[in-house]
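Work out the full structure: start from the sequences and follow the hints.
2 protein chains.
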Amino acid sequence: MNTPELANSVRLTGDAVEILDRRVYPFQRIWVRCTTSDEVAQAIRDMVTQSSGPLFATTAAMVLAARSVRHRPRDLALADLRAAGDRLVATRPTNNHIRDAVHAILAELRDLGEGDLAEEVERAARAHDEAYRTRSAALGRHAADLLPDGATVLTHCWADYYLIATVQATQEQGKHLEFVCTETRPYLQGARLTAATLVEMGYEPTLITDGMVAAALADGVADVALVAADRVTLDGHVINKVGTLGVALAANFAGRPFYALVQRPDPQAPTPEDVVIEHRDPDEVLHVLGRRTAADGVTGHYPAFDTTPPDLVTRIVTEKGAFRPENVKEAI
Amino acid sequence: MNTPELANSVRLTGDAVEILDRRVYPFQRIWVRCTTSDEVAQAIRDMVTQSSGPLFATTAAMVLAARSVRHRPRDLALADLRAAGDRLVATRPTNNHIRDAVHAILAELRDLGEGDLAEEVERAARAHDEAYRTRSAALGRHAADLLPDGATVLTHCWADYYLIATVQATQEQGKHLEFVCTETRPYLQGARLTAATLVEMGYEPTLITDGMVAAALADGVADVALVAADRVTLDGHVINKVGTLGVALAANFAGRPFYALVQRPDPQAPTPEDVVIEHRDPDEVLHVLGRRTAADGVTGHYPAFDTTPPDLVTRIVTEKGAFRPENVKEAI
Numbered sequence: 001m002n003t004p005e006l007a008n009s010v011r012l013t014g015d016a017v018e019i020l021d022r023r024v025y026p027f028q029r030i031w032v033r034c035t036t037s038d039e040v041a042q043a044i045r046d047m048v049t050q051s052s053g054p055l056f057a058t059t060a061a062m063v064l065a066a067r068s069v070r071h072r073p074r075d076l077a078l079a080d081l082r083a084a085g086d087r088l089v090a091t092r093p094t095n096n097h098i099r100d101a102v103h104a105i106l107a108e109l110r111d112l113g114e115g116d117l118a119e120e121v122e123r124a125a126r127a128h129d130e131a132y133r134t135r136s137a138a139l140g141r142h143a144a145d146l147l148p149d150g151a152t153v154l155t156h157c158w159a160d161y162y163l164i165a166t167v168q169a170t171q172e173q174g175k176h177l178e179f180v181c182t183e184t185r186p187y188l189q190g191a192r193l194t195a196a197t198l199v200e201m202g203y204e205p206t207l208i209t210d211g212m213v214a215a216a217l218a219d220g221v222a223d224v225a226l227v228a229a230d231r232v233t234l235d236g237h238v239i240n241k242v243g244t245l246g247v248a249l250a251a252n253f254a255g256r257p258f259y260a261l262v263q264r265p266d267p268q269a270p271t272p273e274d275v276v277i278e279h280r281d282p283d284e285v286l287h288v289l290g291r292r293t294a295a296d297g298v299t300g301h302y303p304a305f306d307t308t309p310p311d312l313v314t315r316i317v318t319e320k321g322a323f324r325p326e327n328v329k330e331a332i
Numbered sequence: 001m002n003t004p005e006l007a008n009s010v011r012l013t014g015d016a017v018e019i020l021d022r023r024v025y026p027f028q029r030i031w032v033r034c035t036t037s038d039e040v041a042q043a044i045r046d047m048v049t050q051s052s053g054p055l056f057a058t059t060a061a062m063v064l065a066a067r068s069v070r071h072r073p074r075d076l077a078l079a080d081l082r083a084a085g086d087r088l089v090a091t092r093p094t095n096n097h098i099r100d101a102v103h104a105i106l107a108e109l110r111d112l113g114e115g116d117l118a119e120e121v122e123r124a125a126r127a128h129d130e131a132y133r134t135r136s137a138a139l140g141r142h143a144a145d146l147l148p149d150g151a152t153v154l155t156h157c158w159a160d161y162y163l164i165a166t167v168q169a170t171q172e173q174g175k176h177l178e179f180v181c182t183e184t185r186p187y188l189q190g191a192r193l194t195a196a197t198l199v200e201m202g203y204e205p206t207l208i209t210d211g212m213v214a215a216a217l218a219d220g221v222a223d224v225a226l227v228a229a230d231r232v233t234l235d236g237h238v239i240n241k242v243g244t245l246g247v248a249l250a251a252n253f254a255g256r257p258f259y260a261l262v263q264r265p266d267p268q269a270p271t272p273e274d275v276v277i278e279h280r281d282p283d284e285v286l287h288v289l290g291r292r293t294a295a296d297g298v299t300g301h302y303p304a305f306d307t308t309p310p311d312l313v314t315r316i317v318t319e320k321g322a323f324r325p326e327n328v329k330e331a332i
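Protein sequence lines correspond, in order, to chains A and B. Counting in our numbering, the first sequence tops out at residue 332, every number present. Counting in our numbering, the second sequence tops out at residue 332, every number present.
To be clear, the hints were calculated from the coordinates, so they are not data collected in a lab. Just so you know, these numbers come straight off a predicted model, no measurement behind them. Backbone N, C-alpha and C fix where the C-beta goes; we use that ideal spot for every residue, glycine too. Among these hints, one or two may not hold up.
Here chain A is said to cover these stretches of chain B; the calculated rule only asks that three of the stretch's residues, wherever they fall, bring their Cβ under 8 Å from a Cβ of chain A [unchecked claim]:
(1) 120-131
(2) 163-176
(3) 238-245
(4) 284-293
(5) 297-306
With a straight-line cut-off of 25 Å between C-alpha atoms, the simulated SDA-like cross-links for lysine to any residue are [stated by the list, open to error]:
(6) A:LYS175 / B:HIS301
(7) A:LYS175 / B:THR299
(8) B:LYS329 / B:ASP274
Set out below in structure tokens:
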């Protein structure tokens with residue numbers, strides 16, 4: 001089975017965290033080297049990595065932070081570690097991977113004695129990474145169960161581990177799929193990350209612009225819509241890359257299923273009002289890969305995520321199975 | 001009142017038709033010079049001009065064709081002219097401007113005597129151009145009546161004369177509008193043509209990517225959706241730039257009006273089955289302004305238009321007024 005390059009895009013070395021730069025992938029393979037947790041935070045803020053990348057970057061950053069304070073008194077070292085964690089959590093507000101990773105590592109330390117802090121954090125970080133991969137694999141098997149052999153799956157943005165796990169599970173089940181990917185402006189995650197990874201995994205994906213989603217689903221060019229979710233609320237709202245609401249509306253209009261993938265809903269987010277929608281640099285809308293594409297005198301507007309209400313969602317696929325959105329809190 | 005540059009983007013000279021190249025506008029002002037009607041047809045096929053540009057390019061091309069055969073016997077000259085017209089009509093199948101312009105000019109000649117063919121065609125061409133502008137102005141006044149003072153109007157693609165006329169009419173009515181424009185990939189008509197023209201007309205448009213339409217309408221960033229139609233069928237379907245269906249679905253979801261502008265429905269198209277949806281070069285989806293934006297191993301898919309059913313359309317605004325889609329055939 002192919003393990004695509006983006007499945008291992010964060011490396012912890014003896015003195016640094018190296019992050020594959022998703023801003024230029026797959027056109028260039030550049031690894032951004034960070035020697036402090038604050039450099040990792042800056043890299044996350046600058047979108048060097050995204051989707052599940054920040055989770056692995058965060059656990060690795062916590063190891064860097066622990067190494068830098070390992071010789072301080074434990075209470076002071078733990079305070080430094082909490083502060084480093086807070087700065088990582090502050091980088092991006094909508095997805096809860098970073099918050100949960102920091103909390104999981106800090107919680108692990110509370111139950112431990114006075115061993116070497118860096119080693120303890122590294123163990124906790126590895127365990128958190130591994131658990132994330134294991135839960136993604138479970139999610140992928142549940143998602144694969146919903147996809148019929150021969151389906152053409154429309155993706156939006158880049159569903160990262162969830163997509164990789166789903167595709168691997170369909171391959172284990174002997175199902176043949178085809179893929180239609182939106183390019184996902186402004187950052188082109190679909191054209192670059194999803195498409196490149198599906199090619200690595202043996203497919204020949206078809207690319208459409210973000211405006212072609214409704215036509216593709218209505219005309220039968222694709223027959224299932226499958227997206228990740230950055231956050232799912234306990235009342236079944238799906239918060240994901242901007243454009244997802246349009247995909248859900250189109251699937252609903254065309255009578256096609258709309259599936260959203262998330263390991264579990266966020267117990268800290270009962271409703272969409274509990275989720276901060278990140279707005280990013282509006283200039284990104286005015287450029288493509290750094291080149292100006294808009295007329296002078298124009299201002300950009302860049303909400304990074306949108307909110308899809310439960311009645312447009314066919315199933316939310318979690319590590320515990322596929323749920324109707326109104327029942328998704330059972331997945332906690 | 002400002003007359004923006006794109007309102008006069010085709011020039012007939014003594015020996016050529018000069019067409020403002022919309023593929024690079026507004027970053028470059030290049031006029032493509034065509035000395036035969038077939039060169040004009042090629043320019044239309046290559047998207048040097050689009051929207052209402054092909055209409056003016058076609059009438060001018062018919063003048064060029066008439067000049068080249070003016071000294072032949074009239075029946076042979078007319079046959080040549082018809083053939084030139086057929087080649088122009090064949091360039092782009094979805095919009096009916098080209099077909100109607102060719103037919104109008106040829107019909108005019110049938111009623112004339114044995115005068116100078118080139119002068120007759122030039123008169124008929126001018127009359128057709130002028131009538132198009134007059135009908136667009138009427139349409140614009142009807143559209144302006146629907147737009148409340150203070151509205152923020154979401155545009156998709158480039159509605160050309162219809163948009164210019166609508167904006168001018170709102171200015172005459174003393175209404176203040178704001179605009180949110182989709183960039184409209186792959187060709188970026190919104191980011192380049194619509195945005196540049198609105199700036200010329202005194203506005204500061206906000207640009208969004210095509211995937212942000214549903215969020216913009218749901219979040220109140222825009223409160224009216226306004227698009228042109230390349231074709232409206234007698235049963236009220238709106239065929240327009242791909243992405244329009246998604247705009248209509250989003251407006252419907254958000255409870256916002258969706259208005260489509262067309263001088264009149266096509267009497268030759270009772271239903272959408274009577275309209276050919278053009279597919280363009282899939283490579284355009286894999287590039288932005290000529291630069292590769294997609295991973296290797298990917299295939300593009302590029303339906304240039306999509307079809308919005310009547311139940312998603314609030315009003316179709318014609319030269320004769322605004323109609324509910326089920327009544328649009330009254331506008332003929």
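Results for each hint:
1. 120-131: n = 0 at 8 Å, threshold three: violated.
2. 163-176: violated (count 0)
3. 238-245: holds (count 4)
4. 284-293: It holds: at least three residues are needed, and the segment 284-293 of chain B offers 7 whose Cβ sits within less than 8 Å of chain A.
5. 297-306: Held - the segment 297-306 of chain B has 8 residues with a Cβ nearer than 8 Å to chain A, which meets the minimum of three.
6. A:LYS175 / B:HIS301: 24 Å, holds
7. A:LYS175 / B:THR299: Holds, because 22 Å separates the two Cα atoms, which is no more than 25 Å.
8. B:LYS329 / B:ASP274: 15 Å, holds
In the structure shown, a violation is registered for the earlier hints numbered 1 and 2, in ascending order.
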